[in-house]
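Visitor: Working from the sequences, and respecting the hints, build out all of it.
The chain contents come next:
Number of protein chains: 2
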Amino acid sequence: MKKSSAHPFFDHLNQFVTISEKEFEIIRSYFETQNQKKKQLLMKANSPCDQIYFVLKGCVHMYFLTEKGTERTVQFALENWWITDFLAFQKQTNTHFFIQAIENTVVLSVRYGEYERLLHDFPQLERYFRIIFQIAYGSSIMKMKYLFDFSKEEIYFHFTEHFPEFAQRVPQYLIASFLGLTPEYVSEIRAKKRS
Amino acid sequence: MKKSSAHPFFDHLNQFVTISEKEFEIIRSYFETQNQKKKQLLMKANSPCDQIYFVLKGCVHMYFLTEKGTERTVQFALENWWITDFLAFQKQTNTHFFIQAIENTVVLSVRYGEYERLLHDFPQLERYFRIIFQIAYGSSIMKMKYLFDFSKEEIYFHFTEHFPEFAQRVPQYLIASFLGLTPEYVSEIRAKKRS
Numbered sequence: 017m018k019k020s021s022a023h024p025f026f027d028h029l030n031q032f033v034t035i036s037e038k039e040f041e042i043i044r045s046y047f048e049t050q051n052q053k054k055k056q057l058l059m060k061a062n063s064p065c066d067q068i069y070f071v072l073k074g075c076v077h078m079y080f081l082t083e084k085g086t087e088r089t090v091q092f093a094l095e096n097w098w099i100t101d102f103l104a105f106q107k108q109t110n111t112h113f114f115i116q117a118i119e120n121t122v123v124l125s126v127r128y129g130e131y132e133r134l135l136h137d138f139p140q141l142e143r144y145f146r147i148i149f150q151i152a153y154g155s156s157i158m159k160m161k162y163l164f165d166f167s168k169e170e171i172y173f174h175f176t177e178h179f180p181e182f183a184q185r186v187p188q189y190l191i192a193s194f195l196g197l198t199p200e201y202v203s204e205i206r207a208k209k210r211s
Numbered sequence: 017m018k019k020s021s022a023h024p025f026f027d028h029l030n031q032f033v034t035i036s037e038k039e040f041e042i043i044r045s046y047f048e049t050q051n052q053k054k055k056q057l058l059m060k061a062n063s064p065c066d067q068i069y070f071v072l073k074g075c076v077h078m079y080f081l082t083e084k085g086t087e088r089t090v091q092f093a094l095e096n097w098w099i100t101d102f103l104a105f106q107k108q109t110n111t112h113f114f115i116q117a118i119e120n121t122v123v124l125s126v127r128y129g130e131y132e133r134l135l136h137d138f139p140q141l142e143r144y145f146r147i148i149f150q151i152a153y154g155s156s157i158m159k160m161k162y163l164f165d166f167s168k169e170e171i172y173f174h175f176t177e178h179f180p181e182f183a184q185r186v187p188q189y190l191i192a193s194f195l196g197l198t199p200e201y202v203s204e205i206r207a208k209k210r211s
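Chains as they are written, first to last, in my numbering: chain A, 17 to 211; chain B, 17 to 211.
It is possible that some hints are incorrect.
Since the list can't tell identical chains apart, any single copy or any two copies may satisfy a pair.
Capping the alpha-carbon separation at 30 Å, the derived lysine-lysine pairs in BS3-like fashion look like this [said to hold, decoys possible]:
#, residue 1, residue 2
1, Lys54, Lys161
2, Lys54, Lys38
3, Lys84, Lys161
4, Lys53, Lys161
5, Lys107, Lys168
Because the hints were derived from the structure by calculation, they are not lab data.
Guide: The structure is reproduced here in structure tokens:
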């Protein structure tokens, strides 16, 4: 068995707070490991949102279906990032979103009751999640600025330049969806740039 | 002097965590009270973002200037809500945003170093801010869904129906800006609805 210090979640937590190996062994026990094949769903719309997910390996996206039945991506998560419908999770209600694996993916998941118990038992994780959500909220305000300020072409190239890992790993039609663009438009501006 | 239990910030904190009156007296000392006249700026673009603000009374908005010089609102804060450029605050960098009072406003403000010291001294506030940011982040994902899913008309009426206090207190052109609409468009659909 691997030493816990080699666990990516252990290393990740210790970038923000101090967790000993012994504490980590207990923290780890609050989580389940889920292996998801590419295209599999971790969460479905119109069902209770009772879990949050931490990506250990792979990539997922969260999307909803528009009235016309089109998938619209609102969030991605690569390694070391959290994803769920945090509002439905907080309120313990049904979600409007789906979460789907874009690659074969391994996530840690924790249910609401366990999450609350974990935070109670390890108050340093209140600090960890406070920092994570502070950054996530700040980033979402910045995304709003880009959506309002940039032309569609600028939005696309800004995103792919600032997040090259996404541009390499995530299919173009999902990046287009996340940025509020059509796949045809993205093909067009990419072709224009190449020529 | 009023008893601290009558302080709206005390009542607000105790909706999420348990703070005694004695603790509150100390917590209160980390903050400054700022009185802002309508239209006054609390934060300016291209300057360090070193403070977060809690609205005690009144209303503010955070906006940026587009390349064409138009103000675009990305966030509002009424009573009992926090506002700043959280990403610049976290990274301690310059901000791209302005924060301006929409009415005569009273805010509590805390600087970065004091905020960190406060969280260190009162770990229950890590929990408080974790919950606040979890809700704020979850709400921002939901806003993204509305922007992508709804027609412009639906966005406007959804917002004014769900947040009637904003619709009453905030000028229409700022609500339009926040929702990515033009003031002319909002006038048009409001007139259409009345007729």
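Visitor: Determine for every hint whether it applies to the structure shown.
Guide: Status of the hints after comparison with the structure:
1. Lys54 with Lys161: between (32 Å within a copy, 24 Å between copies)
2. Lys54 with Lys38: Neither way: Lys54 and Lys38 sit 34 Å apart in one copy and 54 Å across, limit 30 Å.
3. Lys84 with Lys161: Answer is both: 27 Å inside a copy and 14 Å across each meet the 30 Å cutoff.
4. Lys53 with Lys161: between (35 Å within a copy, 26 Å between copies)
5. Lys107 with Lys168: So Lys107 and Lys168 pass the 30 Å test across copies only (27 Å; inside, 35 Å).
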